[in-house]
Structures are given as structure tokens and as C-alpha cells.
Amino acid sequence: MSYEAIRVELDASTHVATLTLNRPDKLNSFTRAMHREVASALDKVEGANARALILTGAGRAFCAGQDLADLDFTPGAMTDLGALIEEHFNPLVKKLQSLPMPVIAAVNGTAAGAGANLALACDIVLATKSASFIQAFVKIGLVPDSGGTWFLPQRVGMARALGLAITGERLGAEKAESWGLIWQAVDDADLPSAATHLATQLAQQPTRAIVATRQAMRQSVTHTLEQQLDLERDLQRDLGNSHDYMEGVQAFMEKRAPRFQGR
1 MSYEAIRVEL
11 DASTHVATLT
21 LNRPDKLNSF
31 TRAMHREVAS
41 ALDKVEGANA
51 RALILTGAGR
61 AFCAGQDLAD
71 LDFTPGAMTD
81 LGALIEEHFN
91 PLVKKLQSLP
101 MPVIAAVNGT
111 AAGAGANLAL
121 ACDIVLATKS
131 ASFIQAFVKI
141 GLVPDSGGTW
151 FLPQRVGMAR
161 ALGLAITGER
171 LGAEKAESWG
181 LIWQAVDDAD
191 LPSAATHLAT
201 QLAQQPTRAI
211 VATRQAMRQS
221 VTHTLEQQLD
231 LERDLQRDLG
241 NSHDYMEGVQ
251 AFMEKRAPRF
261 QGR
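62 is the number that my numbering gives to position 62 of the sequence shown; each next residue is one higher, with no gaps.
Hints in this document: simulated from the structure, not taken from any laboratory. Check each hint, because a few of them may be wrong.
Cross-link-like lysine-lysine pairs, in silico, DSS-like; alpha carbons within 25 Å at most [said to hold, decoys possible]:
1. 129 <-> 26
2. 129 <-> 175
3. 44 <-> 95
4. 95 <-> 26
5. 94 <-> 44
6. 26 <-> 139
7. 175 <-> 139
The calculated label-pair distances, taken between Cβ atoms and stated as ranges, are [claimed, not checked]:
8. 218 <-> 190: 28 to 34 Å
9. 255 <-> 2: 46 to 52 Å
10. 229 <-> 32: 39 to 45 Å
11. 4 <-> 76: 29 to 35 Å
12. 12 <-> 68: 35 to 41 Å
All of these numbers come straight from a predicted model, not from anything done at the bench. C-beta atoms are modelled at their ideal positions from N, C-alpha and C, and glycine is treated no differently.
Kindly produce the complete structure, drawing on both the sequences and the hints.
What follows is the structure, encoded as C-alpha cells:
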């Protein structure tokens, strides 16, 4: 399928896919049509031989969330926001969280509303030092969605999460890094190369182990220690039968670099 609101690239030599939100004149805000394109592209990436994904935006913004111009504000026929979220934003967050590969958000500018939380749904967030994260929902009388009320308290604690959510204040990337909201803030000119370098590095690692590590850390939020120990045991048993485990051990014994295949 051809895309109008996004771009998708796959580097066959590195197994790195890049999905670029491409409505720069609208700060890459989402319409229903754009949601359908992103969903199709993520299915395509998953079906290809990709082992890492970069999600970024074109122009001066990463994503400004929902495009309000795509909603109906006619009295008596207003867009049901719950239905919109259930049909589009929630499946997108779940998809990003469940892709069988590491996902890097390369935040190139403003990430506001659902756009901020889509970045947080990725495994690792890199951002330009000029970028900012804004929980803009309160400014139009709404609650953070797209996982915002789940991601924020986990990453920055309840006090900071509530502060960001109920004031809607802008959080700069460098402070976001110092708070633990994102992985790293980099110089603006360095973001593309930093994201590509990291994605290429991760694509060469044992993909199943990365995905299992992600799973274990996320499930720890609701697990007791005993449940987590059991999960670690089960995941380790499964990975112990993988090609990449055997390759890693063999490479260690032969004192050479491992050649992981993601299986």
C-alpha cells in the first residue's frame, strides 16, 4: 500500500526499519487515515525481516497528538472520543508495546498530548535537546490518554506525573532525561545518527532476549517477587533453547564476536 501521511523504510543490510510520521504542516498530528496507515506499516515491518524500529517525525515536531480538525464538533453529533481511542490510539500503543523487536522513539521536536505518550510507549526514547514533552490534555478539558496515566507515574513518580498532567506544562528534553522520563537527550543535529547507531546496534543483538527482558520488566509492575522469580525462570528456560543463546556461549568460548540471528 502507498502512504500519504507516513514514510516507511527498511534497510535490508542492518535490518533496521524507520517509520516517519509525515504531516509536518500539521505537526504530524493524527487523523483516522493516518492511524490506518501506521497500523498497516507496523504490520508490514513486523512481517519483514526487521529487528529494530525507529519511530520519528518529519519537520519540527515529533507528533502533536490528535488532529482536532479530524473531529466533529457538531452539537448532538460530536465525535465519541472513547470510541476514537478504542479504535485507534489504544491499538497503536498496544502494538508498539508488543512488536517482536526493540522500538526507538527519535523525538525530533514537540511531542504533545497523545504524541508524547506514543513516544513513551516505545522501548527507548531519544530526543533532541530542543524537544519537549507536553501533557496538553488538561488545556482542553481532557485526561491523558494513550497510556499517559500509566507511563508517567512509573517513570517519574506520582508527584511529577501529576504536576505534568494537571498543569500541562512543557518539559524540556534535558530535564526529561534527568527525571528518567526518557533515555537520552542529544544535540539536535545528532539525533538521526544517534537513533540509527542505536537501532543498528540493537538489531545485531539477540532479539528474543531483548523482547523477553522488556516483557519481564513491564510485568514486574504488578507482580510479587515470587511471581517475578517464576517468570524469570520460565523466560530463561525458553531462551536457553534458542539459537542465539548457543551462539553467544560458543562465541564466548571461542573468544570472538557473536553473530546473533534474532532466533
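Evaluated hints:
1. Simply put, residue 129 and residue 26 have alpha-carbon atoms about 22 Å apart, close enough for the 25 Å limit, and the pair holds.
2. Pair hint residue 129 plus residue 175 holds up; C-alpha atoms about 9 Å apart against a cutoff of 25 Å.
3. For the given pair, residue 44 sits about 12 Å from residue 95 by alpha-carbon distance, which is consistent with the 25 Å threshold.
4. With a CA separation close to 24 Å, the supplied pair residue 95 and residue 26 stays within the 25 Å bound.
5. At roughly 16 Å between alpha-carbon atoms, residue 94 and residue 44 fall within 25 Å of each other, so this suggested pair holds.
6. For the given pair, residue 26 sits about 19 Å from residue 139 by alpha-carbon distance, which is consistent with the 25 Å threshold.
7. For the suggested pair residue 175 and residue 139, the alpha carbons sit about 22 Å apart, so the restraint of at most 25 Å is met.
8. For residue 218 and residue 190, the Cβ-Cβ distance of about 29 Å falls inside the hinted range of 28 to 34 Å, so the restraint holds.
9. Take residue 255 and residue 2: their Cβ atoms lie about 49 Å apart, and the range 46 to 52 Å holds.
10. A beta carbon spacing of about 44 Å between residue 229 and residue 32 agrees with the range 39 to 45 Å that was offered as a hint.
11. The hinted window of 29 to 35 Å between residue 4 and residue 76 holds, with their beta carbons roughly 31 Å apart.
12. Distance hint check for residue 12 and residue 68: the Cβ-Cβ separation is about 39 Å, which falls inside the suggested range of 35 to 41 Å.
Going through the hint list in order, the structure satisfies each hint without exception.
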